[in-house]
Each structure stands twice: as C-alpha cells, then as structure tokens.
Amino acid sequence: MFSFQLHATDGLARAGTLTLPHGTVETPAFMPVGTHGTVRGLHPAEVRRAGAQIILGNTYHLHLRPGEAVVQALGGLHRFSTWDRPMLTDSGGFQVFSLEGLRKIAEEGVEFVSHLDGSRRTITPESAMEIQWALGADIAMAFDHVVPGQASRELAEEGLERTLRWLDRCKRRHAELADSHQPSAISDLPDGRRLTADGSVQTLWPIIQGGTHDDLRQRSIEGVLALGPWTGIAIGGLSVGEPKPVMHRVLEGLNPALPTDVPRYLMGVGFPDDLLEGIARGVDLFDCVAPTRNGRHGSAWTSTGKVNIRAAPHRLSEAPLDADCDCETCQRFSRGYLRHLFMAEEMLGLRLVSIHNIRFLIQLGEQARVAILEDRFDRFHHDWRERYHPRGAP
RNA sequence: GGUGGGGUGGCCGAGUGGCUAAUGGCAGCAGACUGUAAAUCUGCCGCGCUUUGCGCUACGUAGGUUCGAAUCCUACCCCCACCA
5 MFSFQLHATD GLARAGTLTL PHGTVETPAF MPVGTHGTVR GLHPAEVRRA
55 GAQIILGNTY HLHLRPGEAV VQALGGLHRF STWDRPMLTD SGGFQVFSLE
105 GLRKIAEEGV EFVSHLDGSR RTITPESAME IQWALGADIA MAFDHVVPGQ
155 ASRELAEEGL ERTLRWLDRC KRRHAELADS HQPSAISDLP DGRRLTADGS
205 VQTLWPIIQG GTHDDLRQRS IEGVLALGPW TGIAIGGLSV GEPKPVMHRV
255 LEGLNPALPT DVPRYLMGVG FPDDLLEGIA RGVDLFDCVA PTRNGRHGSA
305 WTSTGKVNIR AAPHRLSEAP LDADCDCETC QRFSRGYLRH LFMAEEMLGL
355 RLVSIHNIRF LIQLGEQARV AILEDRFDRF HHDWRERYHP RGAP
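Number 303 in the numbering used here belongs to position 299 of the first sequence; there are no gaps in the numbering.
Keep in mind that the hints were calculated from the coordinates and are not lab data. Just so you know, even glycine gets a beta-carbon here, dropped at the ideal spot from N, CA and C. Check each hint, because a few of them may be wrong.
Here are the simulated DMTMM-like pairs of lysine to aspartate or glutamate, each with C-alpha atoms no more than 25 Å apart in a straight line [what the hints assert, rightly or not]:
no. : residue 1 : residue 2
1   : Lys310    : Asp328
2   : Lys108    : Glu158
3   : Lys108    : Glu246
4   : Lys108    : Glu161
5   : Lys310    : Glu332
6   : Lys175    : Glu111
7   : Lys248    : Glu104
8   : Lys310    : Glu322
9   : Lys108    : Asp121
10  : Lys248    : Glu161
11  : Lys310    : Glu50
12  : Lys175    : Glu161
13  : Lys248    : Asp387
14  : Lys248    : Glu162
15  : Lys310    : Asp382
16  : Lys248    : Glu370
17  : Lys175    : Glu134
18  : Lys175    : Asp265
19  : Lys310    : Glu246
20  : Lys248    : Glu158
21  : Lys175    : Glu246
22  : Lys310    : Asp277
23  : Lys310    : Glu390
Here are the simulated distance ranges between beta carbons [claimed, not checked]:
no. : residue 1 : residue 2 : range
24  : Arg389    : Asn312    : 18 to 28 Å
25  : Asp265    : Arg389    : 23 to 33 Å
26  : Pro247    : Val293    : 38 to 48 Å
27  : Glu30     : Leu106    : 30 to 40 Å
28  : Gly245    : Asp219    : 17 to 27 Å
29  : Glu158    : Ala323    : 44 to 54 Å
30  : Asp219    : Ser7      : 30 to 40 Å
Build the full structure now, drawing on both the sequences and the hints.
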C-alpha cells in the first residue's frame, strides 16, 4: 500500500513515484496546504487542475473545528472534503512553534489556549495520532517540537530529544490504532456510511529536528532511523527564520545519512527558488502556504521573478501573469484585470493568483522531474535561476 | 430679505492662540509573507532639496489683533437648515 520507487537520480536530485492508498505521487512534488480541509479559497477541482497530486490538512486546526469526530462521522477527511486523492495531515507540531505564547510545552504534550475561544486543549503524541487516524489521511505526521531558526543549541537539543521521545510514543499509538483497525469490524452509521476514514490504511512519517546544528541533526536522524523502518522521512524545523545558506548546509549534511529508498519531505518549503535548492539536495516532497497566502496578498511568482499584481504599472497590461504558465489564470486573464480585481477587493482575484502560484510550484516540480529523468537537472536549475531574479535577491 | 450652522490637505473628518505640515478613516503608492491565529501586516502619502535635516506653500478670500493664528476680530464670497 505504501511504496516508493526511485526512477532516476541526477547528482543528489531524485525522481520517483510514491504509492499511497488514494493514488500515486510523482516526485519531486509540491503539496498545497489545506489547513482546514480546503486549500484556502479554491475548489478541489481547481486544485486538481493545477496539477496537485496530494494536499495537506492540519491536526490542530481540524481538531478545534469542526473536531475529528465530526470529520469521522462524515466519512473521513477525503469524503468530507471530496478530495479523493492522497492527503497528508500535519500533526500540530508547527503550531507548537507558530502559536508560541498560546501554548505550554511539557513532556506529556502541549497545552494550547485555543485561538478560537480561549479554551484549553492538550495535544499529546498519542492524541495527535488518534486525531489523525480519525481524519484518515494517507500519511500522518509525528507530533514534533519545532524550535525557531535562531534557537540556541540548548533549545534545539531539547526540541530534538523531545521529538524523538514523542516519536516513540507516536509510533506505539499509531501501531495500536492500525492493529485495532479491522476492516470487517468497521462500525457503520445507521445510514450506512462507514465510521472510519475510507477504511484505508494510514502510514506514519517521522520528523527530523535539531535546528541549525549539524551534529544535532545527525543525532536526530540516527534516533529516527533507530525507530524505523519508515515509509517516508520528513525534515522539519527549517525555513523558520534561519538564513538560506544554513538550510542548504543542513540538507547537505543530512543527505549521506538518509536512506535512499524512502521519500524525503522538507516541511514548510517553499518559495520557487527554495524548491529547486531542495530538489538539488535530494528532497522529494515539499509543502508551503506561500502560494496561497501570497496569492491572496497579490504576490505572484513568474518565470522571470516575483510580481506584485497590485502595482500601478499593471493597470493597462494585457499580458498574462506569466507568458510561460499554462494555468487557468494565465490562459484567460490579463494583469490589468487581475489588478482591478485586487483593487476592488473582489475574491476572484485572490483565487486566481492562488491558482497561478500553486500551478507555478507544481509545474516547477514537474519540470525538475523531467530534467532529472533526462539527466540534465543542473543545467535546468542553472537556466531557471538565470531567468528568475526575485527582487531584493543578490 | 432675516436667523442659525458651516467652509481644513484627492475625499470624509478631528482640531478652537504656541507641543500643527496639521489626529483618524478612506483613496493612492511601495514592500513583506516559507509544515496558515494572515483576503493579513508594515512603510510612505502638500511641494522642492544635499531628505534622521532644511526651505517653501497651506486650513474659503482679503485685511487686522498678537512675539506667535486653522484657531480671535472685520469685510466679502460660497454652502446648508429654518423663517419670510
């Protein structure tokens, strides 16, 4: 049910196919983020047409609202959202980082003050598994302790050691859930719908931490592998405030220690240039809120750099966002119209640029894959960088 | 014709002697955003310059009082309400 086939490598870059209960994912691939069970602003059909093979959901947010019991009662996250392809749920570990000030970390778990109503919610490694099991994504993520990019060695070490201890607990609880899952014993609702998520099986992926310290990263991966085997391994705690060269160094340092026969997932990355830098360093999967968030904010990526569609010069432009893009937005709408939509605060504008940005990243993954298969990734990467000059970059 | 209220920067609208080139909001301009507390946030926003500063112009118009006026006085112009 869970397998990864590596088709080709080009330097450290890899092209493969990941097989999951709800379908396959050709890598390298970008996974759009759908925190609340929806890629914000977009219809599942639009996400699909943008080329998405797999999307994310979030444990913390879906636990608070509507609650995993509701999702489960309505058939699991796939059926609930009508996204019938692969899905991955994040564990809430990132919220330990992003909701700093609203949470308290203890060995047992993390106590959150709900940002919705102020109520106290505790997420433990065990409950993160139970929630994700109820949501029913193909891939569940271990509950981890993410620390900021500027974190001291001491804090990074604390985060990585706790993440390892929690991983052990996640693995045990997830195994219990899987063992107790008897397809023949799925309880049914009176109307015949199944209570468990599609009746399909779910896999658990661990997360490597260790901040920006190479030796801590090594310790983290050794600890993770000792608890294996795994069907995929995630690299967490990057793109959280550390300089880019540091992220690159950490990825390079990790490479020799990573097994080659499982996909590597770099969590929370990234921007287009980061995607290629990650692929160049052996990463297979990415996710990031940037395409949708930036899209809503009027910031679009194009093959020749970043474009702020609200900027005055686009007022009379008939050109598409990106002449080289095959997305629905670029095939149909002018910059002038898109700018108008943003100035008028029409929601269509937010959606159209989100669609473009998602398609842009997915297309980038597709192009990289072809280049790797044809053994010309370095050339592709170089040429791409030559054209893409994000403002403010050297 | 009379009485009362009012005319402030692109718009709305505070401000009733110095701390006011003038609070706010809108509009406009530019930027940020990396496992989503984000359709959010930040900066600029009279003109010019050698721009952490300097100069000029400015609160209907003209004049006056004062060391100093968007703020006080006079006249005029215009707008609104009510009365004839």
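Verification of the supplied hints:
1. Lys310 with Asp328: holds, 14 Å
2. Lys108 with Glu158: holds, 18 Å
3. Lys108 with Glu246: With Cα atoms ~23 Å apart, Lys108 and Glu246 stay inside 25 Å; holds.
4. Lys108 with Glu161: This hinted pair holds, its Cα atoms lying about 18 Å apart.
5. Lys310 with Glu332: Answer holds: Lys310 to Glu332 is near 19 Å, not above 25 Å.
6. Lys175 with Glu111: Cα-Cα ~16 Å, so holds.
7. Lys248 with Glu104: holds, 23 Å
8. Lys310 with Glu322: holds, 18 Å
9. Lys108 with Asp121: holds, 17 Å
10. Lys248 with Glu161: holds, 21 Å
11. Lys310 with Glu50: holds, 22 Å
12. Lys175 with Glu161: Measuring from Cα to Cα gives roughly 21 Å; hence the hint holds.
13. Lys248 with Asp387: holds, 20 Å
14. Lys248 with Glu162: holds, 23 Å
15. Lys310 with Asp382: holds, 22 Å
16. Lys248 with Glu370: holds, 23 Å
17. Lys175 with Glu134: With a Cα-Cα distance of about 11 Å, the restraint between Lys175 and Glu134 holds, given a limit of 25 Å.
18. Lys175 with Asp265: holds, 20 Å
19. Lys310 with Glu246: Distance ~22 Å between Lys310 and Glu246 Cα, so the pair holds.
20. Lys248 with Glu158: Measuring from Cα to Cα gives roughly 22 Å; hence the hint holds.
21. Lys175 with Glu246: With a Cα-Cα distance of about 30 Å, the restraint between Lys175 and Glu246 is violated, given a limit of 25 Å.
22. Lys310 with Asp277: Within the cut-off at roughly 11 Å; holds.
23. Lys310 with Glu390: holds, 14 Å
24. Arg389 with Asn312: 18 to 28 Å: holds, 21 Å
25. Asp265 with Arg389: 23 to 33 Å: holds, 30 Å
26. Pro247 with Val293: 38 to 48 Å: violated, 21 Å
27. Glu30 with Leu106: 30 to 40 Å: With Cβ atoms ~38 Å apart, the hint holds.
28. Gly245 with Asp219: 17 to 27 Å: holds, 20 Å
29. Glu158 with Ala323: 44 to 54 Å: holds, 52 Å
30. Asp219 with Ser7: 30 to 40 Å: holds, 33 Å
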